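Participant: Here are the chains, one letter per residue:
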Amino acid sequence: MGIIENINKVFDHRIRLGIMSILMVNDEADFNRLKELLDVTDGNLASHIKALEKEAYILVEKQFIGRKPNTRYSSTALGKKEFKKHIEALETLLRKK
Amino acid sequence: MSEQDYLKDISEIKNLMNRSSRFISLSGLAGIFAGIYALIGAAIAYYLVVNSGRDYLILDGHIFKMILLDLALVALCSIVTAIFITTRKAKEDQVKIWDETTRKLLMSFLVPLITGGIYILIILNQQKYGQTGALMLIFYGLALVNASKFTIGNIKYLGYIEIALGLVCALLPGYGFWIWVLGFGVMHIIYGSFMLIKEKR
Chain H
1 MGIIENINKV FDHRIRLGIM SILMVNDEAD FNRLKELLDV TDGNLASHIK
51 ALEKEAYILV EKQFIGRKPN TRYSSTALGK KEFKKHIEAL ETLLRKK
Chain E
1 MSEQDYLKDI SEIKNLMNRS SRFISLSGLA GIFAGIYALI GAAIAYYLVV
51 NSGRDYLILD GHIFKMILLD LALVALCSIV TAIFITTRKA KEDQVKIWDE
101 TTRKLLMSFL VPLITGGIYI LIILNQQKYG QTGALMLIFY GLALVNASKF
151 TIGNIKYLGY IEIALGLVCA LLPGYGFWIW VLGFGVMHII YGSFMLIKEK
201 R
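Chains as they are written, first to last, in full-length UniProt numbering: chain H, 1 to 97; chain E, 1 to 201.
Any given hint might turn out to be false.
Stated by the list, open to error - Straight-line Cα separation of at most 20 angstroms, EDC-like style, residue types lysine to aspartate or glutamate; simulated pairs:
no.: 1; chain 1: E; residue 1: Lys149; chain 2: H; residue 2: Asp39
no.: 2; chain 1: E; residue 1: Lys14; chain 2: H; residue 2: Glu91
no.: 3; chain 1: H; residue 1: Lys35; chain 2: E; residue 2: Glu3
no.: 4; chain 1: H; residue 1: Lys81; chain 2: E; residue 2: Glu12
no.: 5; chain 1: H; residue 1: Lys84; chain 2: E; residue 2: Glu3
no.: 6; chain 1: E; residue 1: Lys91; chain 2: H; residue 2: Asp39
no.: 7; chain 1: H; residue 1: Lys9; chain 2: E; residue 2: Glu3
no.: 8; chain 1: E; residue 1: Lys8; chain 2: H; residue 2: Glu88
Honestly, the hints are just simulated from the structure, not real lab data.
On a predicted model such as this, the values are computed, not experimentally measured, just so you know.
Here chain H stands alone, though its shape is the one from the complex:
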């Protein structure tokens, strides 16, 4: 049952999967960039970001560009490792069937 254990419940949602996909291949992305790519509402995106942050899969950095607040997100080493495991598990499951 090793494969099933590697399917990560945290990633079991389209938006969280999307956020992680983007942060795997980009060093960082800000809130608007994520919103634009995923085509979701502010509230929806914020809640999924919070879930990933709670697991320490992503890093949140708040800063100011001029006077505008800007929040940047990046994936942590743990997040990358867990996401890779998740993808591998998905692929293994698909191959088996």
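Based on the hints, put chain E in the right spot on chain H.
Facilitator: Chain E alone, transformed into the frame defined by chain H:
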């Protein structure tokens, strides 16, 4: 979750990874046009030199200025056509033409290219023009290889070929013109056609 869901997840992951980090709307058609312009430009330059009654170039001469203008026109036409075709394709693909990915692509392409351009102008001013064709090919190749990580397709192989041709061109300065024609004309058309066939599939 069913098998269908897993498949959807995997394709969604791939799609977002590509869309968020690579510019997908480059078209082979732009490459073909760039190649055609380069061939036309080369034919004009050849005609100018042959009709000048000399088989070499004088740097401050009238003909030399005409050839520089010819080169500038080739570059301008290629860029305008590329922008036009790319904008149209981005609309078809329903992606934004100007975002973070485009910015990264352009920066990584333009830094080596503009460096090379300025360097060539500097050494032309120092009367060293034997290596111009080689330098154009080498810097253009480096720009392509550098930009290739922000786009899909195999543009880095075109870059490697241009760099190799540039080095050969440096070894054989007498054949500079023909190697330039091969690199900027023929290779663009071949590569563009390959990409176009792949796009249609």
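Participant: Going straight from one Cα to the other, do Lys84(H) and Glu3(E) come out at no more than 20 angstroms?
Facilitator: holds (19 angstroms)
Participant: Is it true that the CA of Lys91(E) sits at most 20 angstroms from the CA of Asp39(H)?
Facilitator: This hinted pair holds, its Cα atoms lying about 17 angstroms apart.
Participant: Is the hinted pair Lys8(E) and Glu88(H) satisfied, with a Cα-Cα distance of at most 20 angstroms?
Facilitator: holds (15 angstroms)
Participant: Next pair to validate is Lys9(H) with Glu3(E); report whether the Cα-Cα distance is within 20 angstroms.
Facilitator: This hinted pair holds, its Cα atoms lying about 16 angstroms apart.
Participant: Regarding the pair Lys81(H) and Glu12(E), is the alpha-carbon distance no greater than 20 angstroms?
Facilitator: holds (19 angstroms)
Participant: Lys149(E) and Asp39(H) were given as a pair; does the straight-line alpha-carbon distance stay at or below 20 angstroms?
Facilitator: violated (25 angstroms)
Participant: Within a Cα-Cα threshold of 20 angstroms, do Lys35(H) and Glu3(E) meet the stated pairing?
Facilitator: violated (28 angstroms)
Participant: Given the hinted pair Lys14(E) and Glu91(H), is their Cα-Cα distance within 20 angstroms?
Facilitator: Distance of about 13 angstroms is within 20 angstroms: holds.
Against the hints set out earlier in the document, violations occur for numbers 1, 3.
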